[in-house]
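S.K.: Sequence:
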Amino acid sequence: MAPSDPQSLDIHRVSPIRGQLENYDPRTPKGWRYIQTTDTPNELKVLLPPGTASMYEQLLKLENYELTKKPTISWERIMEIRHLKDRMIRKCHKLAKTSMPMSRQASIGDTFVFQTFVAPQDFRCKEMEKWFKEQQKRASSVPRKPSIAGQGQPSSSITIIKHVPSPSSKALMQRSVTNPESSSKPKQILYHKPLPIQPTRLVQAERTSTLPPSDPTALFSPPPLPLIILSQRESYGLEASPIDQAVVSDPPSPESPPMASGSETAPQVSPPEEPPLPEATPRPVVSRRSSLKRVSWADNQEIDTQLTKYVAAAREAQSSGKWEEVRALYLDQIAGLENLHLQVKEGLQHLRSETDHLQRIEETIRVQREALDSTFQQFEHKQTLLQEKVQEVLTEATDTLARHGVRRELEPINES
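Once you know that position 361 of the sequence shown is 361 in the working numbering, the rest is easy, because the numbers rise by one and skip nothing.
Keep in mind that a hint or two might mislead.
With a straight-line cut-off of 30 Å between C-alpha atoms, the simulated DSSO-like cross-links for lysine-lysine are [as the list claims (entries may be wrong)]:
id	residue 1	residue 2
1	K94	K133
2	K30	K97
3	K91	K30
So the derived label-pair ranges between C-beta atoms look like this [to be verified]:
id	residue 1	residue 2	range
4	Q368	V344	32 to 38 Å
5	P16	S74	55 to 61 Å
6	L358	G336	29 to 35 Å
7	T116	V326	49 to 55 Å
8	P29	V113	39 to 45 Å
9	S374	L342	46 to 52 Å
10	L372	D332	57 to 63 Å
Because the hints were derived from the structure by calculation, they are not lab data. Virtual Cβ for every residue (Gly too), placed ideally from N, Cα, C.
Could you put together the complete structure from these sequences and hints?
M.R.: Laid out in structure tokens, this is it:
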């Protein structure tokens, strides 16, 4: 069901910029076209390859054609087409995000940057290709309606209007049927959906039923094949050429019988006249010169020159003197690499022995350090015990002097 047409909106109009294809630019490769992906011109456009661009152009033409059928607009079909357009635009945006260089990104102060990207050769929209295939299957599965004509009606009353669509025109096929009995009734016009055409295909004009029968006298055989192909018919599984068959089937002429003696003469029998065989065209001569085959009808001087250069280079490369020089050079390089390998191995062995010696020295130093640590700890412990004993002796002497009433200040012991 078609939606109600609001008075303030023009719903029968495509987007002016977003999703549109630009005209072919001579500066771009042949068949490549730009697609606008935003509502601002040249804000973000992508250069599409020829196959995808031509298929997308057909999609835009189908959308424009559907919008022109104002009385019977198929909004479901328009929604499918616009969904495919949005899909293509989103795919272009994704390509721009993945291939956008850091230097082209907009800074904080900039609103936007005009950008142009080039899609790869294999850039495609599989959903759009699938939709076109489904449309082809749907159009081929619909049976063609028979022409509406009564008995006794002349064939001239059925008019078939066909128009071969150009790349810029609309593909529209109309079939009008007029009824001679009632001229006051309006003509019945049946609109058929056009088949989705590929970019390189053209719709051929349909033959009408009023065409005169073909004249058998106007038929003619195609021109004969060249002799080079006639001589190779048997290799392709075909019958031998009439010339070869005539040559093979021609038996040797029998010897003339001896003349009879006396008055007896053999009756002369004239053979039946046969049509003369066509003269065989001389076959091309293949000559062998300097171990290279040359065909007389082929202009292969350049190929002969290249092959001669190749043979000379091969002979020069296989000459014994240069091979000995190259062999001696390679042997010298191999000997040098072997000497270097031996030196590296000796260096590694020396380093291993030095490493073992240093490890033994490190182990000896570690043992001595541990022994010194234990001795130092013992000395420190004995020093602590000695200080404690001296402090006890001093305390006891002070108490003894105090009991006897003798007060004497002892000078501190200077250990230094």
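S.K.: Would you mind marking each hint as holding or not holding in the structure?
M.R.: Consistency of the hints with the structure:
no.: 1; hint: K94 <-> K133; verdict: 25 Å, holds
no.: 2; hint: K30 <-> K97; verdict: 26 Å, holds
no.: 3; hint: K91 <-> K30; verdict: 23 Å, holds
no.: 4; hint: Q368 <-> V344: 32 to 38 Å; verdict: 36 Å, holds
no.: 5; hint: P16 <-> S74: 55 to 61 Å; verdict: 23 Å, violated
no.: 6; hint: L358 <-> G336: 29 to 35 Å; verdict: 33 Å, holds
no.: 7; hint: T116 <-> V326: 49 to 55 Å; verdict: 53 Å, holds
no.: 8; hint: P29 <-> V113: 39 to 45 Å; verdict: 25 Å, violated
no.: 9; hint: S374 <-> L342: 46 to 52 Å; verdict: 49 Å, holds
no.: 10; hint: L372 <-> D332: 57 to 63 Å; verdict: 60 Å, holds
When each numbered hint is compared with the structure, violations occur for hints 5, 8.
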